[in-house]
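Participant: Residue strings, one per chain:
Protein chains: 2
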Amino acid sequence: MSPKVSDSTIRRLSHYLRILEAMERRGGGTVSSTHLAEAAGTTAAQVRKDLSLFGSFGKRGLGYQVADLAGRVRDILGLDRGWRVALVGAGRIGSALFEYRDFRRRGFHIVAVLDRDPAKVGVRWGEVMVEDVETVEAVLEREAVEVVILTVPAPAAQQIVDRVVGAGVRGILNFAPIQLRTPPGVFVHDVNMVMELEALSFDLTNRDFDVERSGEG
Amino acid sequence: MSPKVSDSTIRRLSHYLRILEAMERRGGGTVSSTHLAEAAGTTAAQVRKDLSLFGSFGKRGLGYQVADLAGRVRDILGLDRGWRVALVGAGRIGSALFEYRDFRRRGFHIVAVLDRDPAKVGVRWGEVMVEDVETVEAVLEREAVEVVILTVPAPAAQQIVDRVVGAGVRGILNFAPIQLRTPPGVFVHDVNMVMELEALSFDLTNRDFDVERSGEG
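These protein sequence lines are chains H and S, in that order.
Residues 11 to 227 (my numbering) are what the first sequence spells out, left to right.
Residues 11 to 227 (my numbering) are what the second sequence spells out, left to right.
For the record, the hints were derived by calculation from the structure and aren't laboratory data.
Note that the coordinates shown come from a computational prediction; the quantities given were computed from them, not determined experimentally.
Be aware that a few hints might be false.
DEER-style ranges, computed between Cβ atoms [to be verified]:
id, chain 1, residue 1, chain 2, residue 2, range
1, H, R36, S, P128, 27 to 33 Å
2, H, A166, S, D85, 28 to 34 Å
3, S, R126, H, R36, 20 to 26 Å
4, H, S42, S, E34, 53 to 59 Å
5, S, G132, H, T40, 44 to 50 Å
According to the in silico footprint, chain H covers these stretches of chain S (three or more CB under 8 Å from chain H) [what the hints assert, rightly or not]:
id, region
6, 36-47
7, 122-133
8, 177-184
9, 203-212
Okay, derived cross-link-like pairs now, EDC-like style, lysine to aspartate or glutamate, Cα gap no bigger than 20 Å in a straight line [stated by the list, open to error]:
id, chain 1, residue 1, chain 2, residue 2
10, H, K59, H, E109
11, H, K59, H, D78
12, S, K130, S, E147
13, H, K14, S, E206
14, S, K130, S, D112
15, H, K59, H, E48
16, S, K14, S, E31
17, S, K14, H, E206
18, S, K14, S, E109
19, S, K14, S, E34
20, S, K130, H, E206
21, H, K130, S, E109
Glycine included, C-beta positions come from ideal geometry on N, C-alpha and C.
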C-alpha cells in the first residue's frame with residue numbers, strides 16, 4: 011500500500027471505523043459518504059478521497075455497505091489480526107492501561123508486563139506475571155512481542171527503548187514525556203498528556219472566545 | 011497575542027520548555043537556537059520563527075538566557091499561574107491521572123473529583139472527596155474550576171460535557187474515545203490512546219522499514 015498516506019488520513023480512518031462500528035451495532039445497512047462525513051465532522055469529498063487511496067469502495071449513488079466498509083477499514087489499519095503487546099512500566103498509568111478494555115477490544119493483547127521494582131516483579135496481573143525489566147530481551151522474544159507500551163519515567167525511557175529496539179520490536183506507544191530516538195523502520199507514537207494540557211492552557215490564555223484554531227503552520 | 015498560532019507551534023513550545031527546564035536544572039547559562047533546535051529535533055530557523063511570534067528574544071550572536079527564555083515560554087503557554095481542575099470519572103484512568111505528578115508540577119491542580127458510582131461517591135482521594143456527578147454544576151462553581159479532565163466511558167461523555175460547558179468551563183481534556191460537540195469558545199483536547207495504537211498498527215502493517223512518514227495531507 012501507498013507509503014504516502016498522511017497521519018491525518020490514518021486518524022480519520024480510525025474515526026470512520028468507530029462510526030461504522032456504531033452503525034454495525036445498530037444494524038448496519040448502507041451509508042453515504044455524506045452521512046459518514048457528517049458523523050466524522052469532515053466533508054464527503056474528504057471521505058471519498060481518504061478511501062480512494064486504498065482502492066475502490068461502494069457503488070456510485072448507492073453508498074457503502076456498512077459491514078463491508080468497516081471490514082475494509084479494519085484491514086487497512088491492520089486490525090484484522092491480533093497484536094502481541096508488552097507493557098514496560100507497571101506503575102499507575104501502566105496498571106490503568108492493562109485494564110483498559112478498549113485495547114483488548116481492538117486486538118491489542120498485553121502478553122507481558124515488566125518493571126524494575128523488585129516489589130512488583132513476581133506479582134500476578136490477571137494471567138500475566140510481572141517480570142524484571144533486566145530480562146526484557148528474553149521476555150520479548152519468548153512472547154513474540156510486536157508492540158511495546160512504554161509507561162516508565164522519562165529518565166529511564168531512552169535506555170529501555172534502545173534495548174526493546176535491539177530485541178527487534180518495531181512499534182512503540184510512548185507515554186514518557188520525552189522525544190525518543192529510534193532508528194528508521196521503528197514506529198513511535200506518543201501519548202503526551204501534559205503537552206495536551208499545556209496546549210489547553212495556551213488556548214485558555216491566548217485565544218478569543220470565537221476564534222477557531224488554525225490547523226496549519 | 012496572535013490567534014494565528016498553529017497547534018504545531020504550541021507543541022514545539024511545550025517541547026522547548028521541557029528542554030529548557032532540563033538545562034535550568036543543570037545550571038542554566040545560555041543556549042543558541044541551533045542547540046535548542048538540535049535537542050528538539052527541529053531547525054534553528056524554526057525555533058527563531060516560533061519564538062518571534064511572541065516578540066523578541068535573545069541577542070543576535072549571544073543566544074538566549076536559559077532561565078529567561080524558560081520563563082517567557084511558561085508565560086506564553088499560560089503556565090505562570092495555577093489552573094483549577096476537576097476530574098470527572100473516578101475509574102482506573104482517572105485514578106492514575108489523579109496521582110500523575112507531572113500534572114501538579116505543571117500547575118494543574120485537581121480540586122474536585124466526580125463520579126456517578128454510589129460506591130465511589132464519598133470516598134476520600136487525598137485531600138479531595140469524590141462527589142456525585144449529578145451535582146457537577148454546583149461543584150464546578152464552588153471550586154471555581156477552569157479545566158475538566160474527562161475520563162468517563164464514551165456513551166456518557168457528551169451529556170456530561172454539555173453540563174460542564176453549561177456551567178461555564180471552557181477547557182476540556184478528553185480521554186473518552188468520542189468526538190465531543192462543544193460551542194465556539196470551548197477548547198477540547200483529546201487524548202486518544204486507541205487511535206494512537208491503531209496508527210501504530212497501520213504503520214507496522216503498511217509502511218516499509220525505511221520510509222519516513224509524510225507529515226501532511
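Participant: Each of the hints needs a verdict: does it hold here or not?
Facilitator: Here is how each hint holds up against the structure:
| no. | hint | in the structure |
| --- | --- | --- |
| 1 | H:R36 x S:P128: 27 to 33 Å | holds (30 Å) |
| 2 | H:A166 x S:D85: 28 to 34 Å | holds (31 Å) |
| 3 | S:R126 x H:R36: 20 to 26 Å | holds (24 Å) |
| 4 | H:S42 x S:E34: 53 to 59 Å | holds (55 Å) |
| 5 | S:G132 x H:T40: 44 to 50 Å | holds (49 Å) |
| 6 | 36-47 | violated (count 0) |
| 7 | 122-133 | violated (count 0) |
| 8 | 177-184 | holds (count 4) |
| 9 | 203-212 | holds (count 10) |
| 10 | H:K59 x H:E109 | violated (36 Å) |
| 11 | H:K59 x H:D78 | holds (18 Å) |
| 12 | S:K130 x S:E147 | holds (19 Å) |
| 13 | H:K14 x S:E206 | holds (18 Å) |
| 14 | S:K130 x S:D112 | violated (25 Å) |
| 15 | H:K59 x H:E48 | holds (15 Å) |
| 16 | S:K14 x S:E31 | violated (26 Å) |
| 17 | S:K14 x H:E206 | holds (18 Å) |
| 18 | S:K14 x S:E109 | violated (35 Å) |
| 19 | S:K14 x S:E34 | violated (30 Å) |
| 20 | S:K130 x H:E206 | violated (27 Å) |
| 21 | H:K130 x S:E109 | holds (18 Å) |
Of the hints listed earlier, those the structure fails to meet are numbers 6, 7, 10, 14, 16, 18, 19 and 20, in rising order.
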